[in-house]
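Peer 1: For the record, the sequence lines run as chains E and F.
The numbering of the first sequence is the numbering used here, which starts it at 271 and goes up by one.
The numbering of the second sequence is the numbering used here, which starts it at 83 and goes up by one.
In short, the hints are calculated from the structure, not lab data.
Just so you know, not all the hints are guaranteed correct.
[Claimed, not checked] Partner residues aside, some chain F positions facing chain E, computed with beta carbon under 10 Å:
no.: 1; residue: E100
no.: 2; residue: K251
no.: 3; residue: Q256
[Unchecked claim] Using 30 Å as the maximum straight-line C-alpha spacing, the simulated DSBU-like pairs for lysine-lysine come out as follows:
no.: 4; chain 1: F; residue 1: K248; chain 2: E; residue 2: K286
no.: 5; chain 1: F; residue 1: K92; chain 2: E; residue 2: K302
no.: 6; chain 1: F; residue 1: K92; chain 2: E; residue 2: K320
no.: 7; chain 1: F; residue 1: K185; chain 2: F; residue 2: K127
no.: 8; chain 1: E; residue 1: K308; chain 2: F; residue 2: K251
no.: 9; chain 1: E; residue 1: K308; chain 2: F; residue 2: K92
no.: 10; chain 1: E; residue 1: K315; chain 2: F; residue 2: K92
no.: 11; chain 1: E; residue 1: K286; chain 2: F; residue 2: K92
no.: 12; chain 1: F; residue 1: K92; chain 2: E; residue 2: K290
no.: 13; chain 1: F; residue 1: K251; chain 2: E; residue 2: K302
no.: 14; chain 1: F; residue 1: K110; chain 2: F; residue 2: K177
no.: 15; chain 1: E; residue 1: K334; chain 2: F; residue 2: K110
no.: 16; chain 1: F; residue 1: K92; chain 2: E; residue 2: K292
no.: 17; chain 1: F; residue 1: K92; chain 2: E; residue 2: K367
no.: 18; chain 1: E; residue 1: K286; chain 2: F; residue 2: K251
no.: 19; chain 1: F; residue 1: K248; chain 2: E; residue 2: K302
[Stated by the list, open to error] Okay, the calculated beta carbon distance ranges per label pair:
no.: 20; chain 1: E; residue 1: L344; chain 2: F; residue 2: V112; range: 50 to 60 Å
no.: 21; chain 1: F; residue 1: K109; chain 2: E; residue 2: K290; range: 55 to 65 Å
no.: 22; chain 1: F; residue 1: G125; chain 2: E; residue 2: R380; range: 55 to 65 Å
no.: 23; chain 1: E; residue 1: E383; chain 2: F; residue 2: E126; range: 52 to 62 Å
no.: 24; chain 1: F; residue 1: E126; chain 2: E; residue 2: T283; range: 24 to 34 Å
no.: 25; chain 1: F; residue 1: E170; chain 2: E; residue 2: T283; range: 22 to 32 Å
no.: 26; chain 1: F; residue 1: K248; chain 2: E; residue 2: G323; range: 19 to 29 Å
no.: 27; chain 1: E; residue 1: G340; chain 2: F; residue 2: M233; range: 26 to 36 Å
no.: 28; chain 1: F; residue 1: Q212; chain 2: E; residue 2: R380; range: 37 to 47 Å
no.: 29; chain 1: E; residue 1: R382; chain 2: F; residue 2: H209; range: 44 to 54 Å
no.: 30; chain 1: F; residue 1: A141; chain 2: E; residue 2: E280; range: 31 to 41 Å
None of these values were measured; they are calculated from a predicted model.
Don't be surprised by glycine CBs; every beta carbon is placed ideally from N, CA and C.
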Amino acid sequence: MQNAVAFVHEQLTGKKEFPKFKAGDNVTVNYKIIEGTKERIQSFKGDVIKRQGRGATQTFTVRKISDGVGVERLFPLLSPNIDSILLNKKGRVRRAKLFYQRERSGKSARIREKKHVAAKA
Amino acid sequence: MTSIFEPNGKQVSCTIIEAGPCVVTQKKTVDTDGYDALQISFGEKKEKNTPKAEINHFAKANTTPKAIVKELRNCSIDKQVGEAITCEIFTEGEKVSVVGTSKGKGFQGVVKRHGFSGVGEATHGQHDRQRAPGSVGGSSYPSRVFKGMRMAGRMGGDRVKIKALKVVKVFPEQNYILISGSVPGHNGSIVLIQN
Chain E
271 MQNAVAFVHE
281 QLTGKKEFPK
291 FKAGDNVTVN
301 YKIIEGTKER
311 IQSFKGDVIK
321 RQGRGATQTF
331 TVRKISDGVG
341 VERLFPLLSP
351 NIDSILLNKK
361 GRVRRAKLFY
371 QRERSGKSAR
381 IREKKHVAAK
391 A
Chain F
83 MTSIFEPNGK
93 QVSCTIIEAG
103 PCVVTQKKTV
113 DTDGYDALQI
123 SFGEKKEKNT
133 PKAEINHFAK
143 ANTTPKAIVK
153 ELRNCSIDKQ
163 VGEAITCEIF
173 TEGEKVSVVG
183 TSKGKGFQGV
193 VKRHGFSGVG
203 EATHGQHDRQ
213 RAPGSVGGSS
223 YPSRVFKGMR
233 MAGRMGGDRV
243 KIKALKVVKV
253 FPEQNYILIS
263 GSVPGHNGSI
273 VLIQN
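Please model the complete structure; the sequences and the hints are all you need to start from.
Peer 2: Below, the structure is given as structure tokens:
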């Protein structure tokens, strides 16, 4: 049974190339929007506050402050509508889910940047 | 369960089912058995745990002992004894029905079991009535409770058929199919797929 799930996930997940990112990182998601027959790309830039699920059903949530209002958007990682994901900044956080960000604003909502990231060959 | 993306980006949740191979182990006919049916078998079983009579029954179809045996009446599949039915009888996009045994829920009240709304309100002096069944019948007439009155009791574990589920994808080599939505029963349970 577990093998079946693993096999199907492997078949479905394809070979999409994304930068490695996790909660706390600042990313830009370029998302395809279909309006009638036209297609355009909308970008959503914010902090990842959650990564969830595995295999073909993985999702992640991006939070940003837009005009003083917190906006969260959930993306299925393997959605064909995701054009690209850009990693802007690595964040230094101590948790996998940053829901505490919802109660914070302004200075206290800042996420420290992870510096001195070891370069990978 | 898993999910699959349609070309337009819509995410469809679906269930992975190992559909076969089901070996035809007997063909019943009107002449010999009084009715027409196709007996199919699925899943391996250890020989040491199988009665000799069963071993020989499966040996007639040149196959090993199987765990699940099911008779299908009015079956349009034309296969000989010993041949296997695989998931290739399903095509992507077709509608199927899935029959299984639903998950046991234990002893449940009327709200969960029959969709009652409970009695009364949460406030205005009422308490302990929100999940109550209400009246079960008249006092002077009929002065008894009618048979079949819906009450609390064991829920789940019933035979359930879900119709018009879509076959989303077929993996012929592994005999896996993906069916949109959920099917009755717990993970790893046995279901019957009709098309």
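Peer 1: Looking at the structure, which of the earlier hints fail to hold?
Peer 2: 15 and 27
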